[in-house]
Every structure is written in structure tokens, then in C-alpha cells.
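2 protein chains.
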Amino acid sequence: MREIQHCWVLNHYASDKLRGTELRLVKRPVPQLSKGQVLVKTLILSLDPSNRIWLSEEEDYLPQLQIGDVMRGLIIGQVEQSCHPDFNVGDYVHALLGWQEYAVVDGDTLTSMNGAIRFTPHPEIPLDAYVSALGLTGWTAYVGLKEIGQLNPSDNLMVSGAAGATGLMACQLGKVMDARVVGIAGGEEKCHWLEANLGIDGSIDYKTTDNLSESMARAFPDGIDVFFDNVGGTMLDAALENMAIGGRIVVSGSISQYQKLGDRSQLYGVQNTHLMVTRRLRMEGYLILDYLDQIDKILPEMEQWLLDKKIQYKNTEVIGLQNAQKALPRLFSGQNTGKLIIKIE
Amino acid sequence: MREIQHCWVLNHYASDKLRGTELRLVKRPVPQLSKGQVLVKTLILSLDPSNRIWLSEEEDYLPQLQIGDVMRGLIIGQVEQSCHPDFNVGDYVHALLGWQEYAVVDGDTLTSMNGAIRFTPHPEIPLDAYVSALGLTGWTAYVGLKEIGQLNPSDNLMVSGAAGATGLMACQLGKVMDARVVGIAGGEEKCHWLEANLGIDGSIDYKTTDNLSESMARAFPDGIDVFFDNVGGTMLDAALENMAIGGRIVVSGSISQYQKLGDRSQLYGVQNTHLMVTRRLRMEGYLILDYLDQIDKILPEMEQWLLDKKIQYKNTEVIGLQNAQKALPRLFSGQNTGKLIIKIE
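Residue numbers (the working numbering), protein chains in the order written: chain Z, 37 to 381; chain G, 37 to 381.
I should point out that these hints are in silico values taken from the structure, not numbers from a laboratory. Any given hint could be a false lead.
Note that identical chains are pooled: a pair holds if it fits in a single copy or bridges any two copies.
[What the hints assert, rightly or not] The list that follows gives simulated cross-link-like pairs (lysine to any residue, SDA-like), each with its CA atoms no further than 20 Å apart:
| # | residue 1 | residue 2 |
| --- | --- | --- |
| 1 | K182 | G282 |
| 2 | K379 | N359 |
| 3 | K296 | T314 |
| 4 | K296 | E277 |
| 5 | K345 | R300 |
| 6 | K346 | G56 |
| 7 | K346 | A232 |
| 8 | K211 | K346 |
Just so it is clear, the structure is predicted and the values come from calculations on it, not from any experiment.
Given these sequences and hints, build the entire structure.
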């Protein structure tokens, strides 16, 4: 263990597009442990669309970051020192901690808050998988389809941002749950990859379609039963026009809107909400942090699917905490496929 | 029974604002009964925002009206002749029939489809009440709050279109269910009436407020738990900004948008759907026609509330079928308070 560590701290709030100056890399001492505390070494930092929300001044579902605070982030870490009876050196944790090399936290907090889940990696599964398919990303897809979307076998499922981290999990889990799955992604390459590698039933390339709503209508002649939406904006609006009676819209994210939160006039206006009534639609947003009590049940099932090759994961790996800020905008530019992670050296 | 009756038939589809030429009053023979059929005399015709949807060419939740078809409408009627074993002369029915003096329908259809419910008016309750508080309007409010909104005692409930037919029922039922109720209506007079006569906890006059969202924030310092929305558009958008974590939006209607269905560019764009995720919101549309199997349970409870003066009804009555088309636009101009009905002479 080192005495000095690197941390990314908030330099200024993000207003529209990320400028790459919102965070500042600083050196800080690694604090000493007090009774009941645990020292967690960050192994993998997960980059997520929610990072953009946490950087904005309007953030409202978690305590707002203050200038100088360590940037909030999901990590996979390992306990390096423990003054808490429930944690042993070497334990692995999922936790909502920060963009830093080490975190000192109360062990009680770690088990009950902050998205923390202690886990033991399966000996045949790489640790990487636990930050994507078998981490909050995968759980988000699972809970979204099962609990929120009430997905039934043979339902028509549409997934937006299908080549993104959560999207590709929703596509795969949709297939495992016996739905007919069509994914929306940007570019022929991504669409081809989705169909060829994930075995989904069809794809829509939003970059080349003239009319998104008509493309959806062609892909879903009987309407969409469940729309797993990571994107919001135009995708959501076009989907509303194509929902089946009694359809469910699982609002996992609105990535198309997060860069616009600083300037309301830029936000896309969804015109088809009036269809909620006549089509009897349900649209529901959720955060996986509210469902962590179910993970003990979900994780073994998902590990087995991975071992059986029913699902796979795809991470885009960036090495070194110092490269985290530079990597973040990839989530919003459509460049990225799969889960974007930072491996801490 | 007469041999010739008056009917309103579709003359042309409505495109934007109602012109008063969409329907044409014609004389048609009253058909003879065949076996299994029932002759229903229309007593009261209910005018509803959904009439505007049925008049439009985009209508998609019921078979589309064709030019020359009798206009669809909710009625209270009485069986005048019966060739069906389950119906007796004198029986009262709620039914989705038409803007006409007499309808001949299959008795089997009448009990299972078309929103038809046979009922026996309580001897101390006027028949009028069964087209508003104790009819589909009241049931819509009841099911919306209980089933869709999952309203809990002490929840903060906001109702838009609060002085309208469904809105004033949602306000009253909200109070019966022990919620704190704030209604939105247009004009000081309506707002005063809501607070003084219905005993709700507060009101917002959307016509005089500079900023709807800020008015909501003042009325709901702890956020809105349930928003019962009849209006859509700007109301929905401002409400999204003020929902509490885990809030429910009950989409009963989108009356502000129905006149714009013919020209998509006129539809209001809701910009705050991205808040569905961070606030964990559920928004759900529904039609009371899907819940008719619950009415046997709901109706006696509501009758008792009316007898106990816990709820009241307010109808605006227009006499004569010939005045129906002229009366309809009142629903969209904000002139109307309470339930707009046509008494058939």
C-alpha cells in the first residue's frame, strides 16, 4: 500500500458537451484506517453514462458533488486492510466509490449503501466480467427486462443503444428469456456485430435510416411489447408510435439528453406521450441501486449463463487511472461498443 | 317507440380544431329486432374528450369510424324491447353506443363489450349521477388513483384539468382516500370552486401563473407522489420536474393535444422524460374499458360515498340530441366545468 494516491476531483461542473477540464488529477494521502473501516484498492473503474449526470449541477438523485470532491464512480475493488469484522483482506467488492486508487470507507456503509456488494469471483470467470455482464450493467439489464418490463417469452423486444454496455446485455438477456429481439445501433458494423455475434433477430441502423419510426414499424409489424431504452429523445418518440397495446417502456437511460442538461432549450421534446392512453402504455424509470437486495439471487444465474456461453461480455479497456477523463466522452459520441472500463495500474 | 330516429353520422374527419361540420344530423329508420337483440333508447349522451380521438383519422384503439357511420359515444340508456333472455324491458345500461336516439344491439355484445354495464339506479340517486360521478368518468378517476397510481393515504396528489369531469372526481376521490390534493384549473372562479366546494387542499390557476413548474414546486415542497393527468403537454412537462422519487403519473388523458393530432408539428414536445430514471418514475396510460370487470365492486362503494355526501357530482346539461355537435368544442376551450351531457328529449 502506498501513502500517496492519485484521485480525480471535480474542477468545475459540466454544462453541455464534456470539455475534458471538469476533473483535475491530484495527489492525496491515503487515509489511515479507524475502527470499523476498510481500505479498498480500486482494481477496475467503470465508466457509465450516469457519470455525466453526476458531473452536472442539476444532479438530484445522489448528494451533489462539490468542487474538490473525488469524482463518484462504480468500481471493482479488493479489500487491502480491514478494521471491520465482516471484511477480510482479499475480499472483492462492487461499490459506488470514486475515481481514485484507494478508498477508506466504513465497513457498515460498504455492505448496506453505495451500491456495494461483496462477491467471490467464480474461478473460471475473469474479474473483468464482473464489471460488465456480471456487474451493475448486467444487473440493470436483467432487472429492467424482468421486473420493470415484465418480459414474456415470445414478446417483441426492442433495445436502443444496443451495442452499448447495457444495451448488449439487454439484447442477450432478451434472447435468453426467449423474446424476439431487435436492437438499434449506429452504423453497419455495430449492427452486423449484434446480429452475427449476439444472435439477435434484427437490427436498425439509426444512422442510415430516413425515418426511424417507419423502420421500427417494419421491424415490428405486431408492435413493440417491451422497449428497453438507453437513449431517450428521438428513439423514445419513434418507439411510442410503434408500441403494441399494453406495451412497456423500460427507461434505463436517456444518454442522448445528458449532454444537454445544462441548456433546457436543447432537450428533445417527446411529442407522442398522448399515445400512452390509447395504447395503455407503461413507461418506467429505475435505478439498479434500488434492487441490490436481489443480486444474490440474480448473480449465480447470470454466472451460469456466462459459463454456458448463453451470454458474453465485451469490454473496451483503457489502462491507467490518468486516462479516465479523456476516455469518458466516448460514451456520448457513439464511438464505443460494449462496456468502457479503466484498469488501474 | 318511433320508426324514424335522429342520428349524428360522420361527415368528414376532424383535422385540427373542431369546425362543427364533422358530423351531420340525419334521419334513419329504427331497425327491427332479431333474436338475441335488444333495443336501447338513449336517455343521456356523455360528451367526452375521447370523442375528439374517435373523430380523427388516426384513431387506433377502436375500429375507425367510416364516413356515414353513426358517431360513437357513451350513453346511458334503457331497454325498450328485448329479444335476449338476459335483458328485460326497463333495464338501465351504460354502453359505448352512438349519438342516436335508439340502438339495436346484440344482447351478448351488450354484456361483454362496448363498455356496457347493466345497472339498477339507487332509488335515492338521480339517473344523472350515473353518467358522471357513478359512470365511466367516476370509475376512470377511481381506477386511476387506486390501480394505476397506487395512491396511499397522505400522498401528495396533483390533478390537472381539476374542474373537468374526470378531474373533479379525481380531486374528490383523492380526498376520500386521505391524500393531500392540489388541483390545476384555468381561472380564479374554477380554482375557488374547487377549494370551497370540493374541499381540496390547494389549487393552481394555470392562466395566471408565470411559471407552472415553480407554482407546482411551491404547492408541493416534498414533491408530487401521484399526478393524475387529464391534460398532457405543458402540464406533464412541468409535473415531471416536480415529481417525488418513486412518483406515479396516471395518464388519464391528454386533452391539450387532441385537437393537434392532425398536424404533428403542433404537438407539444415533453422535454423532461430524462427525469424518469433519476427520480424512478412510472407513467402509465389506461382506459377504463379494460377495467369493467371491477365495476360491480366499485359502484356500490361510490354510491355510498355519494349518499354520505363525501363526493358530489356536477353536470353541465344540454337538452336535445340536435345540440350535441355544437356543445362538443366546450370540452377543449376550457369553458366547461364538470361533466358535459346531452339529455335526449
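Legend entry - Violated hints - listed by number, lowest first: Numbers 5 and 6 - these are the hints that the structure violates, sorted from lowest upward.
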